[in-house]
Amino acid sequence: MRLEPKPAPSLAVTLMFPLAAVAMTLVLTSMLVLAAGASPLSVFYLVAKGAAGSQFALLETLTRATPLIFTGLAIAVAFRAKLWNIGAEAQLYIGGVVTVVLGTGALPLPSAVLIPVIMIAVMAAGAALLLGPAVLKTRFGVDEVVTTLLLNFIVLLFVSMLLEGVLKDPMGLGWPQSQKVIADAQLPRIIQGKRLHYGFVIAIVSAVLVWLVMKKTVLGYEMRAVGHNPEGARFVGILVNRTLMKTALLSGGLAALAGFSEVSGLKGNLTLDLSPGYGYTGIVVAMLAMLNPLGVIASAIFVAGIFVGADAMSRAAKVPSYIADVMVATSLLTMVVAILLTRYRMRWR
Amino acid sequence: MDALEILFTASFWVAAIRIASPLIFATMGELICERAGVLNLGIEGIMTAGAFAGWFTVYSGGDLWAGVLVAALVGALFGLLHATLTVPLGLSQHVVGIGITLLATSLTYFTYRLVLPEVTSPPKIEPFQPLPIPGLSRIPVVGEALFTQTPLTYLAFVSVAAVAWILYRTPVGLAVRAAGENPSAVEAQGISVTGIRMGAVAVGSALMGVGGAFLTISAFNSFFFQMINGRGWICIALVVFGSWRPGKALVGAILFAAFDAYQVRLQQISGGIVPYQVFLMMPYALSILALILVARRATYPKALMIPYQKGER
Chain A
88 MRLEPKPAPS LAVTLMFPLA AVAMTLVLTS MLVLAAGASP LSVFYLVAKG AAGSQFALLE
148 TLTRATPLIF TGLAIAVAFR AKLWNIGAEA QLYIGGVVTV VLGTGALPLP SAVLIPVIMI
208 AVMAAGAALL LGPAVLKTRF GVDEVVTTLL LNFIVLLFVS MLLEGVLKDP MGLGWPQSQK
268 VIADAQLPRI IQGKRLHYGF VIAIVSAVLV WLVMKKTVLG YEMRAVGHNP EGARFVGILV
328 NRTLMKTALL SGGLAALAGF SEVSGLKGNL TLDLSPGYGY TGIVVAMLAM LNPLGVIASA
388 IFVAGIFVGA DAMSRAAKVP SYIADVMVAT SLLTMVVAIL LTRYRMRWR
Chain B
25 MDALEILFTA SFWVAAIRIA SPLIFATMGE LICERAGVLN LGIEGIMTAG AFAGWFTVYS
85 GGDLWAGVLV AALVGALFGL LHATLTVPLG LSQHVVGIGI TLLATSLTYF TYRLVLPEVT
145 SPPKIEPFQP LPIPGLSRIP VVGEALFTQT PLTYLAFVSV AAVAWILYRT PVGLAVRAAG
205 ENPSAVEAQG ISVTGIRMGA VAVGSALMGV GGAFLTISAF NSFFFQMING RGWICIALVV
265 FGSWRPGKAL VGAILFAAFD AYQVRLQQIS GGIVPYQVFL MMPYALSILA LILVARRATY
325 PKALMIPYQK GER
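If you read the protein sequences in the order shown, they are chains A and B.
With the numbering used here, letter number 106 in the first sequence gets 193, and the count goes up by one each step, no holes.
With the numbering used here, letter number 296 in the second sequence gets 320, and the count goes up by one each step, no holes.
Do not take every clue at face value.
[Said to hold, decoys possible] Examples of chain B residues toward chain A, derived with CB under 10 Å:
hint, residue
1, E68
2, L126
3, G214
4, S294
5, I297
6, Q301
[To be verified] Coverage of chain A stretches by chain B, computed from C-beta distances (three or more under 8 Å per stretch; other residues unrestricted):
hint, stretch
7, 88-100
8, 112-124
9, 193-203
10, 224-231
11, 246-255
Calculated from the structure, these hints are not laboratory results.
Virtual Cβ for every residue (Gly too), placed ideally from N, Cα, C.
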């Protein structure tokens, strides 16, 4: 078998590939549903209904999509420059830590000033966390995949230490949780009485801004060039290492915003279960969007829908809700094959 | 007990060798993959799947060795999937590897919930028992540490010898090493690079599966979620630390495990002055430190992570 390059397909055809990947995922995972003794059609129907079948379901899906947009953007930016940031989970938690450090009354500022200040500090902390592995990569040649992965474990233990130590809520009945952030540091709800909060709006705005940076600025051009061909980028005078640093700062900052938005908009305080792996799921979100920042919005909502829908489904049908994780992981693999087929054709000889 | 005295007790080294065993299996597995030119980031998920598959085989009435075999087969299966996507299709080894880890982990959790829907505490099995080697286990400290282990630990050491022998003393090993250094040379010999690489990833992944199973059927006696806990990523660091050589990687794994066993004991005698999380962080921090120390003189297999297409330059 050989792979031969083929001309880039039209936008319409390109958009078909994520759909094909999702269809393939449904076919593959329906075998698991059958193994669980349920009918795939009714299970997938229940998942869809649980994700988008009512106003409540839809709002819940958008709420769950919010952190995934941030982590998805973080991964999309990094992977575009071939900086393999697998540490979005750690950056998310650091964002949560900074939010509760500054947001529980330490800064006596009005809400309109306090929230931007917290966001800037959160992004700086996330950026600093990814800067370490980026420096190790460019200065010492240490693979950033392993360092960012290992940092996830270190940071989670660090957060656990803080929550049992200096950040522990004295009124928390012994649970390892932080105090609630003050009202001025909270992101308001979009609809009164519902869980969807303004973090979702910030996420959408971030996606548009990141798209503009990638598409319309020199930095975006340099990032794409470094990811596509570092040697060539160096040859035309792009400072490859400096571009990788800037990429790391942007990526780490975006991932940390996920932690800010979850604490400030949804949970109110920091706990050790702030994220059920949003940092890792962000990789799938970014790949399903083919690393396009605007596409990240759609794929984050889709992935969030699978999780929300599967939770509802598993209460009705006797299929474990882990089917959602399997579907998301499978769609990552079918998607990379689909992307390959947009650029190459297979020739059997 | 004094912090230094611990280092001279047999029980400490017995624990260190036990902790090292799953790392030895999985590190050898990763080493084979990388020597053939494929970075296998599926390791964490494959170890999870192997841990469950081995345990579940025994739990459903199978023999302990059948558990080891099933874990190896499940590992090899995920390895074949990884290899199919990364070798003939040449897809990004980073993305596919993470994908395999996510897939293997989620499939394992799904299956666990499917076959044991109602359990709250994980059921236990009868694991491998220590098998002292007559005579050798009487040697103070060293003998006790090395020769009062379970059969699966002995197998881990055998696997290092086997991997070293195959890599450096057989034609297959030469082809594997060449596939990771200079694949065109392999093809020029009339050997299929695709075949060699896929085989290496499948065999390596089988070893990772056994490494995972060691935890559930030798070190402990049940399966629980998140039990691999980053061991796979640590093994990737150990391969770099061992400069892609089985013997050096073995030394690295034992040093690492000794450190891990030591931090647990330090934690006990420190009397809670230092938060326990600091001790738990040490193994991960040590892995990063080890990577930094060897990074300057690390000699990666030259074709690592570079897909090979026949006839392409």
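Using Cβ atoms only, decide whether B:E68 comes closer than 10 Å to chain A, and label the hint accordingly. holds (8 Å)
Have a go at the B:G214 hint: is there a Cβ in chain A nearer than 10 Å to its own Cβ? Where the cut-off is 10 Å and the nearest Cβ of chain A is about 17 Å from B:G214, the hint is violated.
Are there at least three residues in the stretch 88-100 of chain A whose beta carbon sits under 8 Å from a beta carbon of chain B? With 3 residues close enough to chain B, the hint holds.
Taking the least C-beta to C-beta distance, is B:Q301 closer than 10 Å to chain A? At 4 Å from the nearest chain A Cβ, B:Q301 passes the 10 Å test, so the hint holds.
Between the stretch 193-203 of chain A and chain B, are there enough contacts, at least three residues with CB-CB distance under 8 Å, for the coverage claim to hold? As far as the stretch 193-203 of chain A goes, the hint is violated, because 0 residues have Cβ atoms under 8 Å from chain B.
Hint check: is the beta carbon of B:I297 less than 10 Å from a beta carbon of chain A? At 12 Å from the nearest chain A Cβ, B:I297 fails the 10 Å test, so the hint is violated.
Would you say the stretch 224-231 of chain A counts as covered by chain B, given the rule of at least 3 residues with C-beta under 8 Å? holds (count 4)
Double-check B:S294 for me: the hint is only fine if its C-beta lies closer than 10 Å to a C-beta in chain A. violated (14 Å)
Counting residues of the stretch 112-124 of chain A whose CB is closer than 8 Å to a CB in chain B, do you get three or more? Held - the stretch 112-124 of chain A has 3 residues with a Cβ nearer than 8 Å to chain B, which meets the minimum of three.
8 Å C-beta criterion, at least three residues: is the stretch 246-255 of chain A covered by chain B: Holds: 4 residues of the stretch 246-255 of chain A have a Cβ under 8 Å from chain B.
Hint validity - B:L126 Cβ closer than 10 Å to any chain A Cβ: holds (4 Å)
The structure fails to meet hints 3, 4, 5 and 9 from the earlier list, while all remaining hints are met.
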